[in-house]
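> Single-letter residue listing:
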Amino acid sequence: MISRNLTNRYVIAKIFHGFCFTVAWSGVLILGVLLFHVTQEGIQWLDLQFLSDFPSRFPAKAGIHSALIGTLWLISLTALFSVPIGIGAGLYLEEFTKKNRIRQFVDLNISNLAGVPSIVYGMLGLVIFVRWFELNQSVLAGSLTMSLLILPVIIISTREALRAVPNTIRQAAFALGATRWQTIYAHVLPAAFPGILTGIILALSRAIGETAPLIMIGALTYVAFVPDGPMDDFTALPIQIFNWASRPQQQFHELAAAGILVLLIVLLLMNSIAVFIRHRLEKKSR
Amino acid sequence: MNANQLANVLSKKKKEVEDKIVLQAHNLNISYDNELAVKDVSIDIPEHSITAIIGPSGCGKSTLLRSFNRMNDFILGAGLEGKVLYRGIDLYGKDVDPVEVRRKIGMVFQKPNPFPKSIFDNIAWGPLINGYPKKGIYELVEKSLQAAALWGEVKDRLKSSAMALSGGQQQRLCIARALAMDPEIILMDEPCSALDPVSTAHIEDLMFELKQDYTLVIVTHNMQQASRVSNFTAFFESGYLVEFGETQNIFTLPKNKRTEDYVSGRFG
Numbered sequence: 000m001i002s003r004n005l006t007n008r009y010v011i012a013k014i015f016h017g018f019c020f021t022v023a024w025s026g027v028l029i030l031g032v033l034l035f036h037v038t039q040e041g042i043q044w045l046d047l048q049f050l051s052d053f054p055s056r057f058p059a060k061a062g063i064h065s066a067l068i069g070t071l072w073l074i075s076l077t078a079l080f081s082v083p084i085g086i087g088a089g090l091y092l093e094e095f096t097k098k099n100r101i102r103q104f105v106d107l108n109i110s111n112l113a114g115v116p117s118i119v120y121g122m123l124g125l126v127i128f129v130r131w132f133e134l135n136q137s138v139l140a141g142s143l144t145m146s147l148l149i150l151p152v153i154i155i156s157t158r159e160a161l162r163a164v165p166n167t168i169r170q171a172a173f174a175l176g177a178t179r180w181q182t183i184y185a186h187v188l189p190a191a192f193p194g195i196l197t198g199i200i201l202a203l204s205r206a207i208g209e210t211a212p213l214i215m216i217g218a219l220t221y222v223a224f225v226p227d228g229p230m231d232d233f234t235a236l237p238i239q240i241f242n243w244a245s246r247p248q249q250q251f252h253e254l255a256a257a258g259i260l261v262l263l264i265v266l267l268l269m270n271s272i273a274v275f276i277r278h279r280l281e282k283k284s285r
Numbered sequence: 000m001n002a003n004q005l006a007n008v009l010s011k012k013k014k015e016v017e018d019k020i021v022l023q024a025h026n027l028n029i030s031y032d033n034e035l036a037v038k039d040v041s042i043d044i045p046e047h048s049i050t051a052i053i054g055p056s057g058c059g060k061s062t063l064l065r066s067f068n069r070m071n072d073f074i075l076g077a078g079l080e081g082k083v084l085y086r087g088i089d090l091y092g093k094d095v096d097p098v099e100v101r102r103k104i105g106m107v108f109q110k111p112n113p114f115p116k117s118i119f120d121n122i123a124w125g126p127l128i129n130g131y132p133k134k135g136i137y138e139l140v141e142k143s144l145q146a147a148a149l150w151g152e153v154k155d156r157l158k159s160s161a162m163a164l165s166g167g168q169q170q171r172l173c174i175a176r177a178l179a180m181d182p183e184i185i186l187m188d189e190p191c192s193a194l195d196p197v198s199t200a201h202i203e204d205l206m207f208e209l210k211q212d213y214t215l216v217i218v219t220h221n222m223q224q225a226s227r228v229s230n231f232t233a234f235f236e237s238g239y240l241v242e243f244g245e246t247q248n249i250f251t252l253p254k255n256k257r258t259e260d261y262v263s264g265r266f267g
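Protein sequences, first through last, are from chains U and G. Quick note on numbering that gives the first Met the number 0: the first sequence kicks off at 0 and runs consecutively. Quick note on numbering that gives the first Met the number 0: the second sequence kicks off at 0 and runs consecutively.
For the record, the hints were derived by calculation from the structure and aren't laboratory data. Please note: incorrect hints may appear among the correct ones.
The calculated label-pair distances, taken between Cβ atoms and stated as ranges, are [stated by the list, open to error]: (1) G:Lys93 / U:Asp227: 56 to 66 Å; (2) G:Pro55 / U:Asn99: 29 to 39 Å; (3) U:Ser110 / G:Tyr137: 46 to 56 Å; (4) U:Asn7 / G:Phe207: 37 to 47 Å; (5) G:Glu80 / U:Glu159: 35 to 45 Å.
Yeah, the Cβ is synthetic: ideal placement off N, Cα and C, and Gly gets one too.
Please work from the sequences and hints to get the whole structure.
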């Protein structure tokens, strides 16, 4: 009686195991198909000339230089604005405030902000940064808009990472006559840093692929120069890809595929740098 | 000896006794969200001794212990009435800085909680942030580890991570870390409950050593431990201090029936 019951339970366990396996690998499979398709289409265009040429009406002469540099500008500036503000806000909410109504209100709003569609941020950026601050379609306006977009994500992941730091560490530090800031700076932040870094990379990865808010604030689609400073006009990889993909000629579709490859490589590079830093930090603290 | 002299001697005696009291609670009430956890407790803790606080789970003994160095400040909804006096100073007075309090009154926790850093940094951090000169820090680390009977085991690997030590070693490291601050009192919240008997014996030996220079207050669930190491024992039940006295008396001649039931294992 008991043994039959056990067999049944094993069957159920196996079925669930199989289900999880399928779900997990289907994600990988989809990525694989995507990569294969894009590579097949775009690989023949992917060379140094493609990276160093500006866009052109003629597919053979078209390159992605301005979009690539524009994206690098955009992401660097976005990181510069959003990382310190995001970590600071997360620290404040998690370590410095008491749980009360006001904090609950702020919590709720930040969670909601994380779910707001990106085009809404585009409109906000258009009104505030482009019009009010008269930044025009500059890379500065773009990165400020992107910062607004990803701030909730950074704040939320910072808080998750801080919450994962065991309270016993804080107590140990306080019991040694440490102030709150000394405790946070010496023990809580280093312990939470790998988690915070993961959140930052995820957020920046989202920013690098966003198109809608940039189009909304009026980033140009045809740019034959590279921004020299934060006040210059710019274009970005997803805009360029969108632009090429919307043209009728097959060759431009192939260029779009090559652009996607460049975008994916940039993403991959960013992720591997984060993994590398994380690995080193975790080794050090062990 | 006339009456005057006698009175003199008596008041002197009284003063001597008072001098030896390092920590006092006066009609102390501590509540969590308006629910009393410690009820009208008054207790005098003498210096250079080990005072054990015993009692069933939830009787408020850890709460009382944490109130002695203001670690309750971090618990939401915790309220306190009455007084906690350290050498006559009200620890909850207006101009008392809790950070200062915790410098003088150290704490060792139930679960060993070393920082995920090197053994050396674990000890050195507290003194350094409190302004201890960098020059003498190595000597202080060595002295503290020796006082915690850990030096011999770790002297060749001060730079390696504290997380690699065994549980018992980690707890002694935490004691060494508290000692490095040169506190007057060390509070220990069930310091051996996560350790095996051998490590427990190590820590108990250490407590005997430490009471020469420090005052120890320990919370323990272990009756034998209380009777083995402590000079004084306080028995708590549902927030009240039921009985307080010399350990020997509490365990052999308890005045209160409930104390007797508890220490003899006839509880409940």
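> Now, for every hint given, state plainly whether the structure supports it.
Consistency of the hints with the structure:
In this structure, G:Lys93 and U:Asp227 meet the distance hint of 56 to 66 Å, their C-beta atoms being roughly 59 Å apart. The hinted window of 29 to 39 Å between G:Pro55 and U:Asn99 holds, with their beta carbons roughly 34 Å apart. The beta-carbon spacing between U:Ser110 and G:Tyr137, approximately 49 Å, falls within the hinted interval of 46 to 56 Å. As the Cβ distance of U:Asn7 to G:Phe207 is approximately 59 Å, the hint placing it in 37 to 47 Å is violated.
For G:Glu80 paired with U:Glu159, a C-beta distance near 37 Å keeps the hint of 35 to 45 Å intact.
Checked against the numbered hints listed earlier, the structure breaks hint 4 alone; every other hint is satisfied.
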